[in-house]
Structures are given as C-alpha cells and as structure tokens.
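J.: What follows is the residue order along each chain.
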Amino acid sequence: MRETKYWIWHLAAGVLILFLLGLHMAIMHLDSLFGAWGLNPSGGEAIAWNNVVARSRMAAMIVVYIALLGAALYHGFYGLRTIVFELGIGPALQKAVTVGLWTAGLCLFVLGAIAAIAAGRL
Amino acid sequence: MPETSLSNRTIDVYIRRYNPERDARPRWQRFTLAVARGMTVLDGLHRIREEQDPTVVFRYSCRMSVCGSCAMLINGRPALACNTQIADVASERLTLAPLPNFDIIKDLVPDLAPLFQKHRAVQPYIQRADMEEVEKPTGEFYQSPKELERYLQFAYCIKCGSCMAGCPTLAADPEYPGPMPLAQAYRYSADSRDSGFDERKVQAGASHGVFRCHYAGECSNVCPKGVDPARALQLMKRELVLDYLRLRRKRCPASVLRVPGEARRNPDVPAPPPYTV
Amino acid sequence: MASSTKHYPNRLGIVGWLLGGRWGLERYMYTLHRVTGLGILFYFVLHILVTSTRALGAEWWEGAMVRVGHPIFKIGEFLVFAAFVIHGLNGIRLIAIELGWAVGKAEEPVYPYRSSLHVQRPVLIGVMIVAAVFLALGGWDFLQVTH
Ligand code: HEM
Ligand code: SF4
Ligand code: FES
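Chains as they are written, first to last, in the working numbering: chain A, 468 to 589; chain B, 71 to 347; chain C, 737 to 883.
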C-alpha cells in the first residue's frame, strides 16, 4: 500500500510543479511582462542581483520557491527510483537506493531552502 | 474447381533455433517455403517439419486462437502462429523467433511457467465470504449485463504471453508481474460477484506492482484477443487510488438468484446434467 | 523448474527499454517521458547548487551567473525548457490515463480491435500540437535573446 501513497504524491507533485515551474519560468524569461508587477523592481534582467534580492524579500516568492523545490525534488527522485527499481536490482540494493535518494533529496532541500530564505536577509 | 491451394510463390523462412543439449546460444536457420493460399504460420511450420526438418520444435494445441500455446515473434512482433496468415505478414521473408522476456526451452518454445506463477499470485478466482456457495452452488449469482461488461473484455485472455513479450518494464524487471496477471487482478476485482480486492491490492499495489506500468501500450497493440490489458491496468491504478483515498465504493458481492419456488420446468426442456465439479 | 535441461535466458534487459516493441506512438512517448524526466532532474540538481550561491552574496551570485552565461549553457537551458514542455504536457496526458479518465470503459472486443490506445490518441495528438506551439514560441524567444 505504501507504493500507492508514494505514487499519489508523485502525481500531485507533478501537477503542482506544472503551475509553479510555469510561473518561475515566466518570471525569469518574460521579464518585460513581469517587471510591472514588482517582481523585477530594478529593471533589466530578471537575474540581476538587485532583482534577485528584491524577490527574495517577498514572502510569497519564498513560499513559491520552497514549495517548488520540495515538489520537484520529491517528484524527480521518486521517478529516478522507479527507473532504477525497474532495472531489476535485488531487495538490498533497492533499500540502499531508497535511503540514498532520501538523503540526497533532503540535503538538496535544506540547501535550497536556506538559500531561498537567506538571500532576502542580505 | 482448379487446384488453387498452392501458389508458386516461395519465401524464405528464418527460424530461431536453440537446442539446449547442443547449442550455446540460439542461431538462425533458413528454410524456403512454398506458400499456399490461406496458409497460417502454424501451417507453414508443419510443412517445414514434414518436408524439410523434423527437428523444428514449436508448441501449439487448438490451432484456432483459443489455447494460447502458439504465440511467437512473427517478423519481430508477438502474435499467434495459428491466427496469422503468412500472406498478410510476409511477401519474401518471414522470421520466426520465440517470445522474448521468457527463457527459451527449445527453438520456438518459451518457458511460460513464470507467467502462470504470477497469474496464480494475483488470486484469479472469485473470492467471497460464503465460499460454500461457490463450491456447492444452490443457485446462480445475480449479475446484470452491465456488470458483466465491466470485466468481460478482460476475461477473453487466453494467457498466450504476447503482451508480456511486448512490455518494456518486464524486459528488465523480473519482479514486475506484467500486463497479463495484473489485467486478471482487475478482471476479478471488477466482477460484481467478487469481494477479493483487499487481497489482490497487496500484489497490485506493491512497489513492483501496477505502478511500474507507464502506458507504453504495446500489450494492447499485440494482444490477439482484443483484451486491452493496458486499459485494465489503468483501471486497476484508479481502484487503488480511490481505495487509498477511501473513495472506492464498497459493494456487497452479488447475492444468489434463487429460482422462484412455484416455477415448474417446461416438460419439453430436458433437465440439465448433474454437476461434474 | 523441475526440468533438468538448461533454458536460454531471453529477457531483453535494458536494451528492451529502448529497442523492444516500438509498434505504437505511445511506446515512443514512454521513452521520451523518461529521457526528458531524467534530463530535467539532472539540470534541476545543478540548478539548486548554482542558484544557492545567492545566499553567499552579490559577488558569488554574479560569478556564478557569468559562468553559466556561456552559450553552451544557453542551449542547455533551451533544451531544458523543451524537456519541461514535453514532459509536463505529456504528464497531464499520463495522469488522465493512469487515473482511468482517458482510457474508456471495458468493451466487448470486436475485430478489428479498438483499444484504449485509440481512446486516448486524440489527447496525445493535442499534447503534441500544444507542445509544438510552446516550443516554437520558446525557440523564437531564445533566438531573440542570443542575437
Ligand atoms: C511540469 C510538470 C510535471 C508533470 C505534470 C509531470 C508528470 C509526470 C508523471 C505523470 C510521471 C509519471 C509517469 C508514469 O507513471 O509513467 C512523471 C515521471 C517522471 N518525472 Fe515528471 N512531471 C513534471 C515535472 C517533472 C520535473 C520538473 C522533473 C525533474 C525534476 C520530473 C522528473 C520525472 C522523472 C525522472 C520521472 C520518471 C520517468 C519514468 O518513470 O519514466 N518531472 N512525471
Ligand atoms: S492479455 Fe492478450 S496478449 Fe496478454 S496473455 Fe492475454 S490474450 Fe495473450
Ligand atoms: S494453437 Fe491454440 S492459440 Fe494457436
């Protein structure tokens, strides 16, 4: 039954990513459009330092980034686990893969979350 | 009527040969075959055996697409030898090989034992609390035509293994039950007479269960009986998800439909023979 | 099994993921979904590492941005965008299929068989058209930026 749970979250995360990553890409690449909304207050490129800091001070953007980070890590690593399991590896390796991916995923999540919060406090 | 059965067209037939006592690995052997009108691949194999090489081994029984013994790779695609006309698939060259994803026993004969084991593991039979009624029936279970339709398509499966040979997940993962057994898990769970879903969901929802299907769709492309295992597997996923979310409608398995007491047999209709099982 | 003669193993193995089957469009979408998923995942891990430099201040961030400003990364970014479009749209199709919405009901098989593949095929075609539109728009934007 556990697999059913994992898989439902995999799908749910996919749907969430669709919206959040779409938003993220639009902000980063359609800068002319979004500058007006205060997402690129300093004008110019979306990746200019001042814009990055300004977005990092917005609570909504921090929430979006952390939600996207968590959803995409879960979705991607579950997908990777699926693929590795389908190689027909034995149960001991399966366990190791699950533990390894959880560890890597949590480390990346902590790193990304710290960056999302810290950049706004500089 | 003139003799029309033999055309003068001959084709090359390449057969994948493997003799476990002599060969380290399978090899191709070429035969030439005069193709007769209406000749099936199974007919062609018989002709080769009779006229050219009596050691060619293949498996068949019913020669009419009911037993599921004769599935093989015909020009690279799983199909029933008895159900495939040579003229439909080959004009010059026909290749015959055993179904992949199964061990080869000899020549064109795959070892289907794992398929049957996996089939058995999904409990492909009606399960209910009152098993005495199933073993020693006192009447028939009620089932409407609509309820029949929910699973009938999947009940046409003849366990030929074609779908298993086309499945990419099964190509690498021996733990995956495969399209046939999982389709049968759905077939019984969708049966209004059954209440065994809670048992079957353990295999179907396992980590190598139905969620390892990614809808590559080849099982449904090759199934010679139109069973559409891919559909059954997606419907099984749906049941598992609904069950997990506690949205699956619990239904009592169908009750016995008793013959009304006052009914009298029409004297022109003979009584049925006694039960044999 | 009980038999004493050896059987020849005939599992296609990982080669079968790519080369086995291939009789239908959906089989190619299976491969494409897998390749795009892995591609995005690879980029995503790198992306987390690179963008985390913003926690260290302006110099680190700008240094990282200069390094990934190389045209090779721009092309890579476009490929990731393409993978996202394909994977995301096809993902919607897969969700609709896997929750049983787009495969139709069981029906009596009548030759020539019409399977669930035919039921979902319009969705697949729709996905491909929408993906093509997005890719064209994205490609146009990409060319504008690089020139
Ligand atoms: C845009 C929104 C996305 C949607 C709607 C989506 C949807 C899906 C779905 C439904 C599956 C399951 C396919 C199946 O069961 O066969 C899947 C698999 C997968 N996804 Fe996503 N996905 C999205 C974004 C992503 C992202 C951002 C990543 C990378 C971080 C990713 C990586 C993967 C991987 C590696 C798989 C496994 C592929 C496989 O098993 O063949 N996906 N995706
Ligand atoms: S589902 Fe079709 S292809 Fe698969 S075993 Fe049954 S009859 Fe053969
Ligand atoms: S011989 Fe029985 S299915 Fe072909």
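Please keep in mind that the hints were generated in silico from the structure rather than gathered at the bench.
A couple of the hints might just be wrong.
Said to hold, decoys possible - Straight-line alpha carbon distances no greater than 30 Å define the calculated DSS-like cross-link-like pairs of lysine-lysine that follow:
1. B:320 to B:206
2. B:206 to C:841
3. B:229 to B:206
4. A:562 to A:472
5. B:216 to B:320
6. A:472 to B:320
7. B:216 to B:206
8. C:810 to B:229
9. B:216 to C:742
10. B:229 to B:216
11. C:841 to A:472
12. B:320 to C:841
J.: Hint by hint, note whether the structure agrees.
T.: Tested hints:
1. B:320 to B:206: holds (26 Å)
2. B:206 to C:841: The given pair, whose Cα atoms are some 33 Å apart, is violated under the 30 Å limit.
3. B:229 to B:206: Holds: residue 229 of chain B and residue 206 of chain B sit about 27 Å apart, inside 30 Å.
4. A:562 to A:472: holds (17 Å)
5. B:216 to B:320: holds (18 Å)
6. A:472 to B:320: holds (20 Å)
7. B:216 to B:206: Holds: residue 216 of chain B and residue 206 of chain B sit about 26 Å apart, inside 30 Å.
8. C:810 to B:229: Roughly 52 Å separates the two Cα atoms, so the pair is violated.
9. B:216 to C:742: With Cα atoms ~48 Å apart, residue 216 of chain B and residue 742 of chain C exceed 30 Å; violated.
10. B:229 to B:216: With a Cα-Cα distance of about 25 Å, the restraint between residue 229 of chain B and residue 216 of chain B holds, given a limit of 30 Å.
11. C:841 to A:472: holds (25 Å)
12. B:320 to C:841: OK: residue 320 of chain B and residue 841 of chain C at ~20 Å, within 30 Å.
Of the hints listed earlier, those the structure fails to meet are numbers 2, 8, 9, in rising order.
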